[in-house]
Amino acid sequence: MSVQQETHGFQTEVSQLLKLMTHSLYSNKEIFLRELVSNAADAADKLRYRALSDADLYQGDGELRVRLSVDTDAGTLTISDNGIGMTRDEVIEHLGTIAKSGTADFFSQLSGDAAKDSQLIGQFGVGFYSAFIVADKVTVRSRAAGFDADAGVQWESAGEGDFTVANIEKPQRGTDIILHLREEEKEFLDEWRLKSIIGKYSDHISIPVEMWQEGEPEREEGGETIPATEGQWQPVNKATALWTRNKSDISDEEYQEFYKHVAHDFEDPLAWAHNRVEGKQEYTSLLYIPGRAPFDLWNRERQQGLKLYVQRVFIMDDAEQFMPQYLRFVKGLLDSNDLPLNVSREILQDNKVTQSLRTALTKRVLTMLERMAANDADKYQKFWGEFGNVLKEGPAEDYANKEKIAKLLRFASTHSDSSAETVSLEEYLSRAIEGQEKIYYIVADSYQAAKNSPHLELLRKKGIEVLLMSERIDEWLMSHLTEFDGKQFVSVTQGDLQLPESDEEKAEAEKQAEEHQALLSRFKASLGDKVKEVKISQRLTDSPSCIVTSEQDMSSQMVKMMKAMGQEVPEVKPVFELNLEHPLVAKLEQEQDEARFGKWAELLLSQAMLAERGSLEDPSQFVAQMNSLWLELSK
Numbered sequence: 001m002s003v004q005q006e007t008h009g010f011q012t013e014v015s016q017l018l019k020l021m022t023h024s025l026y027s028n029k030e031i032f033l034r035e036l037v038s039n040a041a042d043a044a045d046k047l048r049y050r051a052l053s054d055a056d057l058y059q060g061d062g063e064l065r066v067r068l069s070v071d072t073d074a075g076t077l078t079i080s081d082n083g084i085g086m087t088r089d090e091v092i093e094h095l096g097t098i099a100k101s102g103t104a105d106f107f108s109q110l111s112g113d114a115a116k117d118s119q120l121i122g123q124f125g126v127g128f129y130s131a132f133i134v135a136d137k138v139t140v141r142s143r144a145a146g147f148d149a150d151a152g153v154q155w156e157s158a159g160e161g162d163f164t165v166a167n168i169e170k171p172q173r174g175t176d177i178i179l180h181l182r183e184e185e186k187e188f189l190d191e192w193r194l195k196s197i198i199g200k201y202s203d204h205i206s207i208p209v210e211m212w213q214e215g216e217p218e219r220e221e222g223g224e225t226i227p228a229t230e231g232q233w234q235p236v237n238k239a240t241a242l243w244t245r246n247k248s249d250i251s252d253e254e255y256q257e258f259y260k261h262v263a264h265d266f267e268d269p270l271a272w273a274h275n276r277v278e279g280k281q282e283y284t285s286l287l288y289i290p291g292r293a294p295f296d297l298w299n300r301e302r303q304q305g306l307k308l309y310v311q312r313v314f315i316m317d318d319a320e321q322f323m324p325q326y327l328r329f330v331k332g333l334l335d336s337n338d339l340p341l342n343v344s345r346e347i348l349q350d351n352k353v354t355q356s357l358r359t360a361l362t363k364r365v366l367t368m369l370e371r372m373a374a375n376d377a378d379k380y381q382k383f384w385g386e387f388g389n390v391l392k393e394g395p396a397e398d399y400a401n402k403e404k405i406a407k408l409l410r411f412a413s414t415h416s417d418s419s420a421e422t423v424s425l426e427e428y429l430s431r432a433i434e435g436q437e438k439i440y441y442i443v444a445d446s447y448q449a450a451k452n453s454p455h456l457e458l459l460r461k462k463g464i465e466v467l468l469m470s471e472r473i474d475e476w477l478m479s480h481l482t483e484f485d486g487k488q489f490v491s492v493t494q495g496d497l498q499l500p501e502s503d504e505e506k507a508e509a510e511k512q513a514e515e516h517q518a519l520l521s522r523f524k525a526s527l528g529d530k531v532k533e534v535k536i537s538q539r540l541t542d543s544p545s546c547i548v549t550s551e552q553d554m555s556s557q558m559v560k561m562m563k564a565m566g567q568e569v570p571e572v573k574p575v576f577e578l579n580l581e582h583p584l585v586a587k588l589e590q591e592q593d594e595a596r597f598g599k600w601a602e603l604l605l606s607q608a609m610l611a612e613r614g615s616l617e618d619p620s621q622f623v624a625q626m627n628s629l630w631l632e633l634s635k
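Those letters in the sequence shown? Residues 1 to 635, per full-length UniProt numbering, in order.
You may find that some hints are simply not true.
List time: in silico DMTMM-like cross-link candidates among lysine to aspartate or glutamate, alpha-carbon distance up to 25 Å [to be verified]:
#1 K438 to E508
#2 K200 to E30
#3 K532 to E504
If you're looking for bench data, these hints aren't it; they were derived computationally from the structure. Predicted model only: the values in this text are computed from it and were never measured.
Using the sequences and the hints, build the whole thing.
Below, the structure is given as structure tokens:
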């Protein structure tokens with residue numbers, strides 16, 4: 001057979017990752033073995049699944065395993081599996097490129113700080129490339145299941161700019177990864193060191209991880225001759241799928257390490273739930289809440305979902321059918337007895353068993369979050385900081401669980417000292433003032449803009465708490481979350497704001513509207529069609545004016561969001577409200593010069609629009625108005 005050797009350049013992102021590997025992950029270098037053993041176990045799982053429909057793929061060798069071999073003279077450590085293997089094209093594709101979505105975003109976030117970058121790399125998942133943490137050269141020999149011995153392929157690289165690929169003879173299917181260890185990494189040739197790492201990270205893997213046990217020579221003992229024994233491969237892990245064991249027999253450390261295997265994460269999870277269900281449906285689930293959001297959480301091309309097993313046989317990664325989009329951060333696995341072994345993604349899509357499992361697993365996750373919120377507020381606050389904006393998608397997506405999701409939502413409020421200090425809706429209602437029948441909120445461009453909005457002035461004076469929202473998704477959330485516990489949500493920027501008030505306050509408001517009707521008409525005539533209406537404000541105490549939106553119109557934030565999405569939106573004219581108690585408005589009521597009155601009216605409207613929307617269509621006109629009035633006042 002002719003040997004076809006070629007040299008290929010790494011994808012730019014691979015070269016970047018390899019440069020980071022040694023420096024950023026050096027303090028946790030033993031994880032290379034966890035990653036490579038995990039990949040080898042996945043290759044065995046994939047062969048087992050493929051063999052369900054084509055048993056000939058086993059080629060007479062159905063005992064799947066991973067083996068570690070040490071050559072102290074050569075300074076090499078080899079991780080071998082007899083799993084699915086790779087073709088020449090697959091080797092070039094899988095070992096020369098990174099197909100993970102959002103890769104460019106990942107590299108743009110790297111700072112050059114090894115400690116911070118190691119956390120990010122942990123979220124990204126390093127997989128095969130972790131070999132270069134300890135090796136200055138890596139050789140991979142692989143043959144895909146179902147091919148002959150002469151279909152083997154060898155890949156080799158020193159972890160710099162390129163790699164070589166050549167055809168080889170490989171009698172056994174599967175993959176051998178040969179690590180040529182750096183001189184300072186020879187500790188990983190020690191048998192006990194390797195066994196301790198396997199015990200720490202890979203005990204839960206369902207196939208045996210084996211190491212060679214040398215035989216004993218013939219010896220004399222107690223006057224008897226003990227015959228020599230031959231060397232043999234011996235498993236060094238429990239080789240029992242963790243989720244099939246009793247919960248009482250599994251330690252927290254084992255659960256945490258299994259999470260890192262499933263999620264390819266470096267950090268411990270925040271929480272997990274392990275459940276075995278028997279009866280009408282039979283399944284086992286092991287679900288995890290990660291401690292940190294992945295860098296590509298908002299990338300719609302990102303693969304997500306649970307590992308799916310059927311009767312302990314691995315079927316697929318990223319089975320997204322079992323978890324709604326708003327819980328896409330959940331990691332873990334599902335092992336079902338009720339699905340067929342040859343189930344496909346297409347069959348899962350409309351399968352009644354799938355829908356039933358999705359409902360059950362969704363409730364399981366929401367219950368896990370409820371318990372976390374009730375029992376560990378600090379841990380839940382950490383979860384909310386990482387995944388809160390994703391959970392906000394829930395009320396629109398999952399009507400059946402809307403109330404459950406609403407209980408899990410957290411918001412800053414006017415009773416908070418910072419945006420990080422949040423309140424639940426139940427806590428909010430427990431602090432409501434006497435006679436308060438609504439839940440008041442404001443959506444703005446930032447926390448500071450919300451907190452300092454003039455719309456809050458009277459509510460603060462009355463002691464009414466207002467939820468402060470400043471995320472892009474908040475306006476969309478509130479269009480679907482209209483009430484909680486029988487109390488309606490009301491935006492303080494909407495026109496008809498009905499606050500708790502006494503009979504005297506109502507009478508005084510009606511009297512003011514009647515007495516100052518001429519002023520309102522004068523403002524409307526001056527501003528023309530720039531405003532929909534001019535009213536006396538019942539919400540301002542310190543500011544001279546504000547703009548609000550009619551009940552039937554889109555809010556300013558919704559208009560912004562729609563425009564950002566490229567949607568055409570109808571023109572929304574604001575309702576202009578005046579604070580009659582403000583000295584500037586009182587003075588304007590006495591102004592006889594209509595031209596000067598018009599300038600002040602324009603200025604007050606521009607100020608109100610700037611406070612509400614954060615920007616003006618024509619800032620230069622606003623500056624010119626202000627300068628003109630200053631000049632007049634200085635004369």
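(Q) Under the constraints set out in the numbered hints, which ones does this structure not fulfil? (A) 3
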